[in-house]
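Asks: Here the protein sequences come in this chain order: A and B. For the first sequence, the working numbering begins at 3 and goes up steadily by one. For the second sequence, the working numbering begins at 341 and goes up steadily by one.
Hints are computed from structural coordinates only; laboratory data are not their basis. Computed from a predicted model, the values in this text were never measured in an experiment. Take the hints with a grain of salt, since some may be wrong.
[To be verified] Estimated spans, in silico, between C-beta atoms of each pair:
| id | chain 1 | residue 1 | chain 2 | residue 2 | range |
| --- | --- | --- | --- | --- | --- |
| 1 | B | D392 | A | P64 | 29 to 37 Å |
| 2 | A | S4 | B | W396 | 43 to 51 Å |
| 3 | B | R473 | A | G311 | 26 to 34 Å |
| 4 | A | G311 | B | D466 | 43 to 51 Å |
| 5 | A | G79 | B | S391 | 45 to 53 Å |
| 6 | A | R81 | B | D433 | 53 to 61 Å |
| 7 | A | G46 | B | G435 | 53 to 61 Å |
Positions of the beta carbon are idealized from the N, C-alpha and C atoms, including for glycine.
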Amino acid sequence: MSIKRSAAIVGVAEHELEKGKVPGGKTVLQMQATVAKRALEEAGLTKDDVDGLFVAGSWGLPGVGSMPSVTMAEYLGIRPRYTDSTNIGGSSFEAHVGHAAAAIQAGFCEVALILYGSTQRSNRSRNLSKGRPSEYTAQFESIWGMPAPVGAYAMAAQRHMHEYGTTSGQLAEIAVSTRKWAKLNPKAMYREEITVDDVLESPWICEPLHLLDCCLVTDGAGAVVIASAERVRDCRTKPVWILGHGEAHTHTLISSMPDLTVTTAKESGQRAFEMAGVTHDDIDLVQIYDSFTITVLITLESLGFCKPGEGGDFVANGRTAPGGDFPMNTNGGGLSYAHPGMYGIFLLIEAVQQLRGECGERQVPDAKLALVNGTGGVLSSTATCILGRD
Amino acid sequence: MQQYEKPLPLIDSDTRYFWEQCKQKRLVIQKCMKCKKHIFYPRSICPHCMSDDMEWVESSGRGKIYSYTVAHRAGGLGFQEDVPYVVALIELDEGVRMMSTIVDCDRSELKCDLPVEVVFDPVTPDITLPKFRLSR
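Using the sequences and the accompanying hints, generate a full structural model.
Replies: Printed below as a string of structure tokens:
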């Protein structure tokens with residue numbers, strides 16, 4: 003079963019931020035409304051064209067946020083005939099792309115809107131010291147005070163270093179290259195260049211991860227509009243086709259992760275490549291969820307861009323930086339552009355803008371084919387999308 | 341005894357026996373009577389074969405450090421005064437993994453795959469936590 007070219011992304015929008023916060027004290031609902039309106043207008047569509055709605059979020063809990071697609075449909079006056087509040091963490095939106103394309107191919111909807119918003123920085127709600135309730139399966143982890151999620155990623159880094167000799171300097175290289183992209187993106191929160199030593203000298207958060215190995219904590223909102231192949235013809239934008247998709251997950255507790263050095267990107271990526279009928283060498287740019295530097299390194303290996311244990315060498319010498327031969331996280335990523343809790347929708351937005359050739363100084367020349375991989379939870383879930391222009 | 345400020349497990353019917361046995365200084369895990377695999381955390385169905393024929397067995401209490409981190413930020417209420425502190429994933433000799441901490445150690449001597457053994461810490465009259473120390 004394939005969804006190849008059954009649908010295309012025809013509109014994207016991201017909310018502007020000032021020092022990582024939404025200007026004007028907007029609510030998370032207002033932010034999502036703003037980006038929904040912009041993404042639809044860009045496509046030349048209206049809210050009445052939307053018949054599929056996909057929303058994940060961590061706002062309004064407990065309360066209206068427990069049914070985010072239902073609440074956003076009400077707020078926006080949308081009456082979907084296909085609805086999806088799937089939340090598998092930061093990779094939810096890459097999953098939504100596949101779900102939307104499948105629903106469109108099956109005839110359940112024609113125009114899908116994917117939404118995300120967060121005011122976690124303005125709210126100061128991202129507080130590690132609160133911990134998580136020690137109920138159900140979490141009773142075996144919350145009691146130990148592991149800072150979540152960073153402690154879990156630190157354990158993955160520690161194991162990767164033990165098995166393969168990966169170094170903190172190699173992880174730092176990812177943060178340094180990503181910052182070089184942020185320097186070219188006026189919307190990025192941090193734009194001053196950093197060095198490997200800056201990363202290594204930044205404070206420990208959870209050993210072996212330093213502060214500059216970790217993503218930002220910002221507000222943010224994003225929207226993605228997907229249309230059926232027929233409806234694409236009515237849209238104003240150049241279509242970015244959904245060519246391949248895969249998703250998978252293994253655990254919510256880090257103690258249940260089968261192997262701390264491999265994520266399910268191995269499976270979701272393989273399925274996406276097979277569906278798209280392309281190989282690693284065909285890909286012009288990648289957007290890889292960078293919650294932490296180690297997330298990127300493990301994901302590149304799991305996707306098969308290099309062999310297990312070779313990630314450190316793969317990213318060396320600024321290979322993923324502007325001018326390198328492996329353009330990655332070209333907006334500055336979660337490490338330097340923005341990271342509003344569940345970052346995955348911004349991976350899609352940047353890939354689409356690159357494939358449409360709209361990225362100015364940071365444009366990857368002649369980009370035709372992009373791979374996007376989202377990771378959610380504590381390396382828990384992944385979803386991979388391969389996107390291409392005509 | 342000082343007030344224990346850290347989170348405690350919210351015990352349920354899957355987990356009650358495990359915590360009761362910790363209090364008796366016994367580390368127990370489940371074994372599936374059909375596929376013979378060991379299981380942790382405790383649950384009502386074997387995640388390998390979906391059998392519901394599970395028995396409790398006593399673990400050797402020995403294993404190795406699969407991985408660990410030293411936390412320099414508190415990861416929950418009550419941990420602020422402990423910073424920096426160790427959180428570890430222990431792989432027991434029976435093949436299952438559990439989260440815990442390593443006590444009585446010099447943090448600089450920690451490494452993945454070092455052998456460890458369980459020690460029991462009665463943190464409240466009701467709850468005893470299984471912690472680990474490096475094997476001598």
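Asks: Each hint needs a verdict: does it hold in this structure or not?
Replies: Quick rundown of the hints versus the structure:
no. : hint                        : verdict
1   : B:D392 / A:P64: 29 to 37 Å  : holds (32 Å)
2   : A:S4 / B:W396: 43 to 51 Å   : holds (47 Å)
3   : B:R473 / A:G311: 26 to 34 Å : holds (31 Å)
4   : A:G311 / B:D466: 43 to 51 Å : holds (45 Å)
5   : A:G79 / B:S391: 45 to 53 Å  : holds (51 Å)
6   : A:R81 / B:D433: 53 to 61 Å  : holds (58 Å)
7   : A:G46 / B:G435: 53 to 61 Å  : holds (58 Å)
This entry satisfies every hint, going by the numbered hints stated previously.
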